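**Q** Letter 46 of the sequence shown, counting from 1, is numbered 39 in this note's numbering, and no numbers are missing.
Wrong hints could be hidden among the right ones.
Within a straight-line C-alpha distance of at most 16 Å, the following computed EDC-like cross-link-like pairs (lysine to aspartate or glutamate) qualify [unchecked claim]: (1) K246 <-> E183; (2) K321 <-> D213; (3) K291 <-> E53; (4) K247 <-> E183; (5) K321 <-> E178.
Here are the in silico distance ranges between beta carbons for each label pair [to be verified]: (6) V266 <-> G72: 26 to 34 Å; (7) L9 <-> A104: 41 to 49 Å; (8) L150 <-> L9: 23 to 31 Å; (9) L303 <-> P274: 38 to 46 Å; (10) V294 <-> P274: 18 to 26 Å; (11) H215 <-> L297: 30 to 38 Å; (12) Y221 <-> L64: 35 to 43 Å; (13) G179 <-> D102: 25 to 33 Å; (14) G72 <-> G251: 35 to 43 Å; (15) L225 <-> L262: 17 to 25 Å; (16) R140 <-> E290: 14 to 22 Å; (17) R140 <-> R101: 42 to 50 Å.
Hints are computed from structural coordinates only; laboratory data are not their basis. Computed from a predicted structure; not experimentally measured. Using N, Cα and C, we set each Cβ at its ideal position, and we do this for glycine too.
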Amino acid sequence: MIADVDLTLVWAAIILFAVFAYVVMDGFDLGIGILFPVFPVGRERDQAINSIAPVWDGNETWLVMGGGGLLAAFPLAYGVVMTALYPPIIAMLLALVFRGVAFEARWRDPAHRRGWDIAFTLGSTVAAFAQGVALGALLQGIEVENRAYAGGWFDWLTPFSLLTGASVVVGYAVLGATWLIWKTEGVTQEHAYRLAARFGVLLLVGIVAVSIATLGLDYDYHRRWLTYPAVLVTAQVPLLTAIIAYAYFRALKKRREGAPFLLALALFLLTFVGLAISVFPYVVPTALTIWDAAAPEKSQVFMLIGAAVLVPMILAYTGWSYWVFRGKVGHEGYH
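Could you build the full structure based on these sequences and the hints that come with them?
**A** Below, the structure is given as structure tokens:
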């Protein structure tokens, strides 16, 4: 019975799933935009962008669902977070628009393709960086008084948020490179293998750096991760990260095609698990729990009915589109 279920937990899980789905699906095409300048003009660059042409715009469905779900299910948290992180969030949205226009215009305006390619890279990089900055700003804490944001305009801008921003850019580059390993062949694929190895090293450095920096924040991350007996459970996350990282570089060395991408996704999944360990049950650390910020129960029930219909539909058409455009992409591509 719905009455026996904690709907707030259900909605927290739905939104977390939507955010992870967005990172998984839009992360690799943002990564291709970030890596775009390192591919020579011509076949390699065309193959890179053709590999995401059939799916890139549909991937952002999950961003809409995550943001819309946060507004509907946790309106207080939405109001606080949006007010506190207004600059990076607006920068992200404008960059995504800019990137989308550049993606389409480079095909329809070949006379200015060089400029559109720069715009595509700039939009992808800024969007990824802004997402990382917003995550870092949320982790370091948002000042809340009387259920409203009480901080300053630039509270989000700190060395820690810049570190998380750079780490997300590197992580998306890894997803982009491993996606190209899976979807291309020949010279482009070999180039992607090299990029996946180099950015893979940088990603591990970023994960370690962010993890250590997080433990030094004012919130009780240190207690959650390192005190006994919690450490017996939390220690499994870095252990699994090390194992998956080893498997990732081994898969690159053995020239596997699909495994590097799946292992990169596994690394992202572990970072989400670490995030959940760090902040649960808070949606705004130290200020608002998910229950503090939740919408009324009747609203949650009403929205859950819609989500029960929409989420399977989104998953179905997303899965179908990836199945239709499975296999390697050629120079001509799908566009």
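**Q** Which numbered hints turn out to be false for this structure?
**A** 2, 3 and 9
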